[in-house]
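Trainee: Going down the list, the sequences are from chains C and L.
When the letters of the first sequence are read in order and numbered with my numbering, they come out as residues 1 to 698.
When the letters of the second sequence are read in order and numbered with my numbering, they come out as residues 699 to 935.
Note that these hints are calculated values from the structure, not bench results.
Small disclaimer: the values here were computed from a predicted structure and weren't measured.
Wrong hints could be hidden among the right ones.
Stated by the list, open to error - Label pairs and their computed distance ranges (CB to CB):
(1) Ser657(C) / Leu854(L): 38 to 46 Å
(2) Val913(L) / Pro435(C): 52 to 60 Å
(3) Glu558(C) / Tyr809(L): 51 to 59 Å
(4) Gly694(C) / Tyr809(L): 33 to 41 Å
(5) His437(C) / Val913(L): 17 to 25 Å
(6) Ala831(L) / Lys522(C): 45 to 53 Å
(7) Asn856(L) / Lys522(C): 28 to 36 Å
(8) Thr904(L) / Asp502(C): 34 to 42 Å
(9) Arg574(C) / Tyr809(L): 32 to 40 Å
(10) Ser815(L) / Glu460(C): 58 to 66 Å
(11) Glu922(L) / Asp502(C): 54 to 62 Å
To be verified - Heads up, simulated DSBU-like pairs for lysine-lysine below, C-alpha to C-alpha not over 30 Å straight-line:
(12) Lys718(L) / Lys569(C)
(13) Lys50(C) / Lys639(C)
(14) Lys689(C) / Lys748(L)
(15) Lys705(L) / Lys643(C)
(16) Lys119(C) / Lys50(C)
(17) Lys691(C) / Lys748(L)
(18) Lys368(C) / Lys186(C)
(19) Lys718(L) / Lys643(C)
(20) Lys705(L) / Lys573(C)
For every residue, glycine included, the Cβ atom is placed at its ideal position computed from N, Cα and C.
Residues per chain are reported as follows:
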Amino acid sequence: MAEDNTTALNEPYRPYGADIKETRPYSPCRAACPAHTDVQAYVGLIAQGKYTEAFEVITSVNPIASVCSMICHHPCEQACRRCGVDEPLAVRHLKRFAIERSQDYRRAKRKLTKKTRGKSIGVIGSGPSGLTAANDLASLGYDVTIYERHPVLGGMLASAIPPYRLPREMLNEDIDDVISKGINVKTGFEIGRDRKLEDLMKDHDGIVIAIGLSQSRSLNIPGVEGDGVLLAIPFLEDVAFDRKPDLGKKVLVIGGGNVAMDVARTARRMGVKDVSMVCLESAEEMPAWKWEIDEAIEEGVTIDNRWGPKAVKRENGKVQGLEVVKVNSVFDDKGRFNPSFDDKTTKIIEADTIIITIGQMSNMSFLKDGPVKLDERGLIQWDRDTHMSSASNVFVAGEVVTGPGSAIAAVASGHRAAMALHLYLQGEEIKGNLPEHEKDKIDQLPGKVVDLLDREQRQEIKHLPPEVRCDTFTHFEIGYDEAEALKEAGRCRGCGGGAVVDPNRCMACLTCLRVCPYGAPKVFAVSEIRPEYCQACGLCAPECPGQAISMVSYDVNEIRSSMPDIIGKRDPKRSDPVIAAFLCTHHTGVGGFNVPGNIRTIPVHCISRVDVLDVLSAFSNGADGVAVIRCADGSCKYKGVAKRVSSRIGRARELLSMLGIENERTEMLTASSTNGNRYSSVCTEFSEKIKELGLRSS
Amino acid sequence: MIVGSQKPIDEIWDMVKEFKRVIVFGCNTCVAICHAGGSKEAETIASMLKMRSSNEGVDMDVSSTSVMRHCEPEYFDEVIDELRSYDLVLSTACGVGVNFLSERIGNIPVYPGINTSFFGAVPEAGVFEELCAGCGDCILHMTGGICPVARCSKTLMNGPCGGTNEGKCEIGKDVDCAWYLIVQRMKDLGTIEKLSEVIPPRSWSTSRDGGPRRVSVEHIREYEESAEQKTEAGGSK
């Protein structure tokens with residue numbers, strides 16, 4: 001493998017508009033993501049068919065992108081402004097699509113990073129936070145070694161998340177990306193057992209502890225000790241490493257969180273037909289994600305809400321069931337976890353095996369009496385502002401210090417810890433220089449904008465039917481095909497990717513105010529286009545007489561500056577006319593245009609961005625005709641586009657006629673179908689018309 | 699604001715065709731608002747000229763740029779060196795801008811890229827109406843806020859004339875009779891009796907008849923002096 005001369009973290013991929021986005025409120029999806037993934041950017045790139053660019057945007061902040069494309073709890077979707085219109089974008093599923101389409105690309109780009117710092121780092125743990133910290137530090141030029149107690153990397157991702165949710169080959173793609181930077185890997189290596197932390201601290205210039213929460217909590221109830229009662233994490237580990245325990249015919253899972261769902265659904269896949277769950281919370285209070293609960297129920301798991309475990313019932317040592325007591329309430333007046341029980345109401349739930357899934361903790365035994373101090377609750381003492389432990393070169397990341405959370409939150413923590421350690425080794429101030437989670441975000445859609453938006457159904461995420469998926473650990477969710485992905489990506493309203501006014505060029509002429517269908521501009525001394533209103537349609541920019549409006553998500557000059565390449569060489573003896581065709585990709589995506597070579601297609605997110613200057617440029621570069629192909633009435637994603645662009649065509653014709661170019665050579669056409677073929681036939685019909693009119697000689 | 703309108707490309711071509719390097723220089727205030735000569739239209743004219751020169755087989759280098767205003771030197775200071783690298787500046791500012799730049803640019807011609815039409819308002823998007831003639835002696839308080847100098851075809855001071863016809867001027871059905879409007883407006887305001895006073899013949903020396911005009915605001919001119927002092931204090935700068 002060749003060594004790269006650059007350090008990737010210093011030069012991450014920057015999508016168009018990345019810099020200006022840093023100066024403005026984030027889109028709510030991005031603000032909600034702990035790693036601040038630029039969702040708007042990558043969804044927009046998917047909509048343009050730029051899948052590897054989308055992959056770059058995703059992985060520039062997330063080294064476990066494949067994992068997140070499968071299991072992320074997608075706070076971006078919960079924050080999506082489409083929630084106020086119909087349903088959120090299927091962001092996670094679009095991420096999966098972009099990653100699946102970039103498989104060859106990502107493998108080809110793996111390379112070693114140069115170890116330029118002359119310093120080595122030990123990362124303990126290879127879950128989301130450990131992998132992220134290792135990735136960042138390797139990218140920064142450190143010699144990184146990962147220590148993992150399991151035989152494979154990935155932490156809980158590899159050892160506890162069941163493969164029906166996270167196929168291991170997806171996890172391994174992420175791991176390979178990280179490791180290929182030249183990271184040393186020591187698996188099956190347990191700190192404390194194989195080497196003391198103090199010695200490891202001497203081996204390395206800095207340590208990151210990212211051991212997660214890999215131990216299950218148990219219950220202190222009668223009968224809990226002995227066969228037939230399992231703890232969640234050891235159980236999931238046994239399954240992951242193919243040491244499948246015998247569960248009997250009836251399994252009862254204690255707990256109502258996401259791990260409990262994993263346990264119950266794993267038990268179903270081990271052939272147990274009768275899997276039930278019991279938890280303190282009501283259905284609404286359960287901490288598991290609603291979709292996890294729904295999927296478990298689909299798979300035949302039953303849930304007994306509002307019962308608390310009292311005693312494991314055994315006969316001759318063999319588990320018979322669980323005695324439970326009715327719960328009055330789980331939380332007290334102040335919302336704190338403080339369950340109260342109705343001791344008089346009890347029942348026994350029969351079970352052959354009981355699996356306890358009530359929470360996790362870390363194994364801190366290797367820190368006992370060492371340089372990294374624990375607090376009175378046995379947790380690592382750390383400074384949230386610096387990620388430092390009590391030992392100056394030992395940093396901490398992930399759930400071991402933050403407590404239980406999501407994979408993507410652990411990624412964010414890993415980034416912070418890596419940056420903290422880097423700053424420390426550079427002798428720079430850490431506090432105040434780490435990435436922050438809280439960012440200003442664009443407000444929710446104003447009601448009058450919601451009223452203007454069309455309802456567009458979210459593309460369904462298909463699952464294997466429950467009767468099939470319960471027989472196997474195969475991943476149960478089916479990825480989007482290209483048509484579905486493009487359609488879904490087209491639903492994005494482009495929050496934060498819209499219009500921006502350059503106050504040095506704006507003369508407050510009110511043109512944008514008059515042209516905007518959504519009431520986004522407010523004009524005082526200069527215009528300000530309010531991002532909560534702006535739908536990023538791009539209608540205003542080509543109208544601005546001062547060329548003061550740019551778009552965050554694309555270069556408004558790009559089409560005309562690349563027109564020489566778009567038109568290419570024109571054969572003076574050609575028999576077919578050269579046609580520049582602007583095609584809205586909203587309905588057909590970018591894959592649907594199969595047109596003859598004489599038709600130079602220019603895919604656009606909407607014809608709203610087509611400028612009079614773009615049309616002039618096409619003719620200037622040798623086009624015989626220009627077609628602007630719009631969506632049919634009522635199907636445009638935006639408002640007022642056809643009328644406005646039609647006026648622009650009129651203006652272009654007026655100018656072109658002064659140069660002797662006939663009006664018929666510039667047309668706005670309609671493709672009334674979602675079928676790419678219709679777009680093609682509209683283009684070819686136009687091409688025939690231009691052929692009859694004759695080819696331009698100059 | 700000053701309203702301009704675009705010239706036909708043939709006329710512009712005749713002006714510029716002898717030059718090898720041409721820059722179309724837009725003005726981003728009045729003439730941008732009326733979509734005649736701002737940055738956008740300057741680029742449009744440049745694009746048209748490129749196509750025309752290519753059609754004519756003429757080797758011409760055409761580009762465009764713009765600044766906020768052409769009528770104050772500070773605005774074009776930053777581009778003046780660039781402008782001087784061309785053979786011709788085609789200014790799409792109003793005539794004020796063309797004159798003003800001509801005086802300052804040195805031995806490079808500055809030609810008008812648009813026609814300067816009038817002082818006007820924007821009653822609706824894309825429509826511009828002349829409402830003031832800049833005559834230098836305003837009497838709008840006597841005419842209900844409607845200017846007979848700009849809006850009466852004959853510039854009558856005591857109208858209307860016999861050519862008024864159901865509110866329209868005899869020169870065309872689309873032209874309002876300004877004096878009809880004045881009478882209606884003053885009736886509405888309850889000041890119609892003011893019209894019984896004859897407006898005496900006025901002196902046109904404040905208008906074009908008095909030759910080129912100049913306004914000097916002395917207390918503002920003092921800025922200029924203090925700026926000079928600053929420069930002196932700055933030594934060799």
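Trainee: So, for every hint listed, does it hold in this structure?
Mentor: Hints versus structure:
Taking the beta carbon of each, Ser657(C) and Leu854(L) are about 41 Å apart, inside 38 to 46 Å as hinted. Taking 52 to 60 Å as the suggested C-beta distance range, the pair Val913(L) and Pro435(C) conforms, at roughly 58 Å. Hint check: Glu558(C) to Tyr809(L), Cβ distance near 32 Å, so the stated range 51 to 59 Å is violated. Here the CB-CB span from Gly694(C) to Tyr809(L) is close to 35 Å, well matched to the stated 33 to 41 Å.
At about 59 Å, the beta-carbon gap between His437(C) and Val913(L) misses the expected band of 17 to 25 Å. Roughly 34 Å separates the CB atoms of Ala831(L) and Lys522(C), a value that falls outside the hinted 45 to 53 Å. Separation of Asn856(L) from Lys522(C) is about 46 Å and departs from the stated range, judged on CB atoms against 28 to 36 Å. Restraint check, Thr904(L) to Asp502(C): a C-beta distance of roughly 40 Å satisfies the suggested window 34 to 42 Å.
Distance hint check: the CB atoms of Arg574(C) and Tyr809(L) are about 38 Å apart, consistent with the given range 32 to 40 Å. The hinted range of 58 to 66 Å is satisfied by Ser815(L) and Glu460(C), whose Cβ atoms lie roughly 59 Å apart. The given range of 54 to 62 Å is broken by Glu922(L) and Asp502(C), whose C-beta atoms sit roughly 30 Å from each other. Our distance criterion of 30 Å between C-alpha atoms is met by Lys718(L) and Lys569(C), whose separation comes to about 26 Å.
In summary, the hint linking Lys50(C) to Lys639(C) is supported, as the alpha carbons are separated by about 26 Å, within the 30 Å threshold. Straight-line distance between C-alpha atoms of Lys689(C) and Lys748(L) comes to about 27 Å, which keeps the hinted pair within the 30 Å bound. Proximity of Lys705(L) to Lys643(C) is assessed by CA-CA distance (about 26 Å); at most 30 Å being required, the pair is judged to hold. A hinted pair counts as satisfied when its Cα atoms are at most 30 Å apart, and Lys119(C) with Lys50(C) does not qualify at roughly 38 Å.
Restraint check for Lys691(C) and Lys748(L): satisfied, since their Cα atoms lie roughly 25 Å apart, inside the 30 Å limit. Among the hinted pairs, Lys368(C) with Lys186(C) is consistent with the structure: their alpha-carbon atoms are about 22 Å apart, no more than 30 Å. With a C-alpha separation of about 39 Å, the suggested pairing of Lys718(L) with Lys643(C) is violated against the 30 Å cut-off. Simply put, Lys705(L) and Lys573(C) have alpha-carbon atoms about 36 Å apart, too far for the 30 Å limit, and the pair is violated.
The structure shown violates the earlier hints numbered 3, 5, 6, 7, 11, 16, 19 and 20.
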